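Undergrad: Next come the chains, spelled out residue by residue.
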Amino acid sequence: MSTSKWTADFLSRLGTEITVAQIDVPSITLWQIESHAWQRFAELAVQQNLRWAAGWAEQVQSLFLINACFEKQGEYVLLRTLLDDSNPELPSQATVYPAANRSERHTQDMFGIKFIGHPDNRRWTRHQAWTENSYPLRKDFPVKGTPVGITAPDIHYPFIKSHGAGTYEIPVGPVHAGIIEPGHFRFQAVGELILNLEERLGYVHKGIEKIAEGRTPESLARLAGRVSGDTTVGHCWAACMAMEQAAGVEIPPRAALIRGILAERERVANHMGDIGAICNDVAFVFAQMQFTRLRELWLRTNATVFGHRLLMDQIVPGGVVCDLSDASCSLIKKEIAELRTELAEVILALDLNTSLEDRLYTAGFLSEQTAAAFGTLGYVGRASGQDFDVRRDAPYAPYDRVMVKVALENQGDIASRVWVRYKEIRTALRLIGEFIDRLVDGDIRTEWQMPAAGSEGLGIVEGWRGEIISHIRFDADNKIARFYPRDPSQLNWAALEKLVLNNIVPDFPVCNKSLNGSYSGNDL
Amino acid sequence: MLRIFKKILTTGVVTERFSMRSHAERGNEDELEQLGIQIKRHIDKQFSGSIAIRQVDAGSCNGCELEIHALNNPFYDIERFGVHFVASPRHADVLLVTGPVSRHMQTALLRTYEATPNPKWVVAAGDCAACGGEFGVSYASCGAVSNVIPVDAVIPGCPPTPLALMKGLLGLMGVKK
Numbered sequence: 001m002s003t004s005k006w007t008a009d010f011l012s013r014l015g016t017e018i019t020v021a022q023i024d025v026p027s028i029t030l031w032q033i034e035s036h037a038w039q040r041f042a043e044l045a046v047q048q049n050l051r052w053a054a055g056w057a058e059q060v061q062s063l064f065l066i067n068a069c070f071e072k073q074g075e076y077v078l079l080r081t082l083l084d085d086s087n088p089e090l091p092s093q094a095t096v097y098p099a100a101n102r103s104e105r106h107t108q109d110m111f112g113i114k115f116i117g118h119p120d121n122r123r124w125t126r127h128q129a130w131t132e133n134s135y136p137l138r139k140d141f142p143v144k145g146t147p148v149g150i151t152a153p154d155i156h157y158p159f160i161k162s163h164g165a166g167t168y169e170i171p172v173g174p175v176h177a178g179i180i181e182p183g184h185f186r187f188q189a190v191g192e193l194i195l196n197l198e199e200r201l202g203y204v205h206k207g208i209e210k211i212a213e214g215r216t217p218e219s220l221a222r223l224a225g226r227v228s229g230d231t232t233v234g235h236c237w238a239a240c241m242a243m244e245q246a247a248g249v250e251i252p253p254r255a256a257l258i259r260g261i262l263a264e265r266e267r268v269a270n271h272m273g274d275i276g277a278i279c280n281d282v283a284f285v286f287a288q289m290q291f292t293r294l295r296e297l298w299l300r301t302n303a304t305v306f307g308h309r310l311l312m313d314q315i316v317p318g319g320v321v322c323d324l325s326d327a328s329c330s331l332i333k334k335e336i337a338e339l340r341t342e343l344a345e346v347i348l349a350l351d352l353n354t355s356l357e358d359r360l361y362t363a364g365f366l367s368e369q370t371a372a373a374f375g376t377l378g379y380v381g382r383a384s385g386q387d388f389d390v391r392r393d394a395p396y397a398p399y400d401r402v403m404v405k406v407a408l409e410n411q412g413d414i415a416s417r418v419w420v421r422y423k424e425i426r427t428a429l430r431l432i433g434e435f436i437d438r439l440v441d442g443d444i445r446t447e448w449q450m451p452a453a454g455s456e457g458l459g460i461v462e463g464w465r466g467e468i469i470s471h472i473r474f475d476a477d478n479k480i481a482r483f484y485p486r487d488p489s490q491l492n493w494a495a496l497e498k499l500v501l502n503n504i505v506p507d508f509p510v511c512n513k514s515l516n517g518s519y520s521g522n523d524l
Numbered sequence: 525m526l527r528i529f530k531k532i533l534t535t536g537v538v539t540e541r542f543s544m545r546s547h548a549e550r551g552n553e554d555e556l557e558q559l560g561i562q563i564k565r566h567i568d569k570q571f572s573g574s575i576a577i578r579q580v581d582a583g584s585c586n587g588c589e590l591e592i593h594a595l596n597n598p599f600y601d602i603e604r605f606g607v608h609f610v611a612s613p614r615h616a617d618v619l620l621v622t623g624p625v626s627r628h629m630q631t632a633l634l635r636t637y638e639a640t641p642n643p644k645w646v647v648a649a650g651d652c653a654a655c656g657g658e659f660g661v662s663y664a665s666c667g668a669v670s671n672v673i674p675v676d677a678v679i680p681g682c683p684p685t686p687l688a689l690m691k692g693l694l695g696l697m698g699v700k701k
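As given, the protein sequences belong to chains A and B, one line each in that order. So the first sequence is numbered by our numbering: it starts at 1 and just counts up by one. So the second sequence is numbered by our numbering: it starts at 525 and just counts up by one.
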């Protein structure tokens with residue numbers, strides 16, 4: 001896919017309008033522009049079908065570095081501008097890219113950077129744990145903050161209102177009815193029909209970016225593994241990849257293969273859990289019982305082989321901690337063969353079930369245009385025609401040596417998302433087998449080398465929810481200066497507000513589950 | 525429909541009991557069953573046969589939630605011991621709280637606690653809930669659950685396994701006479 005380099009062509013199109021300084025950073029294509037051209041660049045980028053992938057800021061001495069990451073045909077470009085800290089403001093890219101909306105609001109809350117012309121500059125991550133004019137990610141903000149005894153609820157948040165005969169509101173959360181993370185949903189409805197949904201997240205904001213500062217690489221990897229517990233492998237891998245880039249550390253081939261096995265095992269476990277849960281949300285308990293059973297067996301193998309059911313802390317800077325014995329490899333292969341047989345039986349029963357057909361087809365529709373505008377990732381994007389997968393389009397070891405077949409659907413409904421996940425399970429099972437076959441003897445961990453102060457890295461991997469982008473900058477003495485993880489949920493959550501429209505309120509849980517955003521990965 | 529029945533029949537009962545051998549965590553079958561019997565005995569005595577748990581995520585990374593979910597899978601099937609999860613704190617005997625308590629969730633947790641009728645017990649599940657874990661106390665996090673509401677039992681682990689969760693619940697029953 002990534003044979004054609006669009007970057008040269010794009011630069012020539014910019015002409016004299018925007019001056020791009022190409023900064024030499026290992027492993028990153030870094031373009032630096034003047035801050036006043038920030039929005040103009042986005043306008044030109046969207047014309048050329050660049051995908052807006054991530055945005056974040058950093059403070060380095062008296063400067064703010066504003067970053068936005070773009071992707072096209074598997075080629076990533078990191079766009080950067082520098083702002084003086086006396087009056088940090090720049091034109092918004094959210095006017096061009098809806099995907100950038102919440103990210104800019106996060107940067108506004110955390111750094112006090114003003115995005116001029118932003119279509120919705122209400123607070124996002126900030127509730128009432130810190131005041132309006134203080135900014136936690138500025139270097140002069142103490143990590144302890146200045147908390148009061150009991151943090152007040154954010155009751156004055158200006159939600160969108162609806163008026164008119166027969167319209168009413170349903171506030172849901174933050175504490176939900178199930179065993180699930182907290183967040184608030186505000187519905188406007190007429191009868192059972194959803195007219196509008198507004199999400200209010202940020203409840204599980206626990207200062208991950210701030211408490212990352214000053215950590216050692218090992219400690220940062222542990223933290224990254226807890227950005228979102230269900231994606232512990234994905235986030236840990238992305239963060240370690242970024243740190244390894246910064247330090248110029250190359251991991252051994254065996255470690256890369258084991259990382260691949262871990263990531264695919266995580267994908268399978270989550271997809272199985274979610275397919276079951278989606279069916280459970282439309283009262284088809286048979287599938288829930290079968291899939292939770294298969295998931296439990298899978299997690300037990302994780303515990304036997306890797307020593308942890310969810311595979312936490314297996315990936316470390318420089319490699320992995322857990323080697324695979326021959327016995328473990330054959331255990332995994334045997335399990336995969338059994339799982340294939342079982343899945344074939346269960347999926348056939350699902351496919352032929354008319355009540356599932358009635359509830360899952362056409363429900364929770366997300367159009368290709370909306371999915372593209374919000375930069376929707378992973379199975380949500382791929383069920384709405386977004387043909388992108390980091391493993392295929394910007395492959396990293398060990399995916400650079402195997403064929404990754406990307407599942408794609410274009411109906412954009414809940415059923416499509418289920419089918420994409422099922423196909424992804426099958427691909428993952430094949431990949432695990434291939435990785436095992438390719439295992440060569442050798443080290444599983446390279447010795448760490450202290451990175452130079454100021455060095456940075458950008459780790460990009462395909463987690464089970466989709467593309468994860470992790471940016472890391474080192475300080476002196478092997479200490480982390482900045483860590484920003486972009487979970488796919490940060491983009492996918494916005495798509496939920498759109499895909500529930502014109503569905504009935506009782507279908508919200510299944511719509512939500514079909515997307516399954518991480519609250520923790522979003523709130524940080 | 526026949527396919528569903530066939531699959532159900534061929535799967536059989538996987539719920540773990542004393543004689544159960546296949547698929548089981550090594551050596552755990554016996555333990556799980558014994559644990560369950562003890563829990564059931566306590567619940568019968570103190571809670572008239574049934575205990576209602578309201579799970580509250582006060583800021584976790586969602587790892588603990590995954591393992592709490594697993595308690596309801598057919599292997600553990602915790603409901604057979606009279607333990608069930610309810611949708612409202614007003615229906616609950618026990619609050620099972622995970623995560624460091626984020627400051628943004630502090631009031632919500634306090635209100636959930638107030639909404640739970642007496643007598644009530646609070647179990648802090650997972651390292652974060654127990655001691656703040658990887659996140660500790662910061663501008664955004666109150667740390668351990670006990671910094672916000674009284675805690676009766678703690679279940680460590682990152683995340684605690686389903687078996688550890690069951691043991692922890694038993695510990696709670698043991699405390700309350």
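Keep in mind that the hints were calculated from the coordinates and are not lab data. Honestly, I wouldn't trust all of these hints.
Residues on chain B that point at chain A, a partial pick, calculated with CB under 10 Å [what the hints assert, rightly or not]:
| id | residue |
| --- | --- |
| 1 | Lys530 |
| 2 | Ile561 |
| 3 | Asn642 |
| 4 | Lys644 |
| 5 | Cys655 |
| 6 | Val661 |
List time: in silico BS3-like cross-link candidates among lysine-lysine, alpha-carbon distance up to 30 Å [stated by the list, open to error]:
| id | chain 1 | residue 1 | chain 2 | residue 2 |
| --- | --- | --- | --- | --- |
| 7 | B | Lys564 | A | Lys334 |
| 8 | A | Lys114 | A | Lys423 |
| 9 | A | Lys333 | B | Lys530 |
| 10 | A | Lys333 | B | Lys531 |
| 11 | A | Lys423 | B | Lys530 |
| 12 | B | Lys531 | A | Lys334 |
| 13 | B | Lys531 | A | Lys423 |
Here are the in silico distance ranges between beta carbons for each label pair [as the list claims (entries may be wrong)]:
| id | chain 1 | residue 1 | chain 2 | residue 2 | range |
| --- | --- | --- | --- | --- | --- |
| 14 | A | His156 | B | Pro643 | 46 to 54 Å |
| 15 | A | Glu192 | B | Leu526 | 40 to 48 Å |
| 16 | A | Gln48 | B | Val610 | 35 to 43 Å |
| 17 | B | Glu638 | A | Ser62 | 27 to 35 Å |
| 18 | A | Ala152 | B | Lys569 | 51 to 59 Å |
| 19 | A | Ile504 | B | Thr539 | 31 to 39 Å |
| 20 | B | Glu638 | A | Glu192 | 29 to 37 Å |
| 21 | A | Ala152 | B | Ser612 | 18 to 26 Å |
| 22 | B | Glu638 | A | Gln22 | 52 to 60 Å |
| 23 | A | Ala453 | B | Gly695 | 44 to 52 Å |
| 24 | A | His156 | B | Lys530 | 55 to 63 Å |
| 25 | A | Thr304 | B | Leu526 | 54 to 62 Å |
| 26 | B | Pro643 | A | Pro119 | 48 to 56 Å |
Just so it is clear, the structure is predicted and the values come from calculations on it, not from any experiment. Quick reminder that beta carbons are idealized off the backbone N, C-alpha and C, glycines included.
Undergrad: Is it true that the C-beta distance of Thr304 (chain A) to Leu526 (chain B) lies inside 54 to 62 Å, as the hint says?
TA: violated (35 Å)
Undergrad: For the pair supplied as a hint, Lys423 (chain A) and Lys530 (chain B), confirm whether the alpha-carbon distance does not exceed 30 Å.
TA: With a Cα-Cα distance of about 24 Å, the restraint between Lys423 (chain A) and Lys530 (chain B) holds, given a limit of 30 Å.
Undergrad: Using the beta carbons of Glu192 (chain A) and Leu526 (chain B), state whether their distance is inside 40 to 48 Å or not.
TA: violated (34 Å)
Undergrad: Checking one constraint from the list: CA of Lys114 (chain A) to CA of Lys423 (chain A), max 30 Å. Satisfied?
TA: violated (43 Å)
Undergrad: Can Ile561 (chain B) be said to touch chain A, with a Cβ gap under 10 Å?
TA: violated (21 Å)
Undergrad: Could you check if Lys530 (chain B) really has its C-beta closer than 10 Å to a C-beta on chain A?
TA: holds (8 Å)
Undergrad: Is the distance from the Cβ of Ala152 (chain A) to the Cβ of Lys569 (chain B) consistent with 51 to 59 Å?
TA: violated (42 Å)
Undergrad: Quick check: does the Cβ-Cβ distance between Pro643 (chain B) and Pro119 (chain A) fall within 48 to 56 Å?
TA: At 51 Å between Cβs, range holds.
Undergrad: Can you confirm whether the C-alpha distance between Lys333 (chain A) and Lys531 (chain B) stays at or below 30 Å?
TA: holds (23 Å)
Undergrad: Given the hint of 44 to 52 Å, is the C-beta distance from Ala453 (chain A) to Gly695 (chain B) inside that range or not?
TA: The hint (44 to 52 Å, Cβ to Cβ) holds, given that Ala453 (chain A) and Gly695 (chain B) are roughly 48 Å apart.
Undergrad: Please check whether His156 (chain A) and Lys530 (chain B) have a Cβ separation lying inside 55 to 63 Å.
TA: Distance hint for His156 (chain A), Lys530 (chain B) holds at roughly 57 Å.
Undergrad: Measure nothing beyond the straight line between the CA atoms of Lys531 (chain B) and Lys334 (chain A); if it is 30 Å or shorter, mark the hint as holding.
TA: Holds, at roughly 20 Å.
Comparing the model with each earlier hint shows violations of hints 2, 3, 4, 5, 7, 8, 14, 15, 16, 17, 18 and 25; every other hint is respected.
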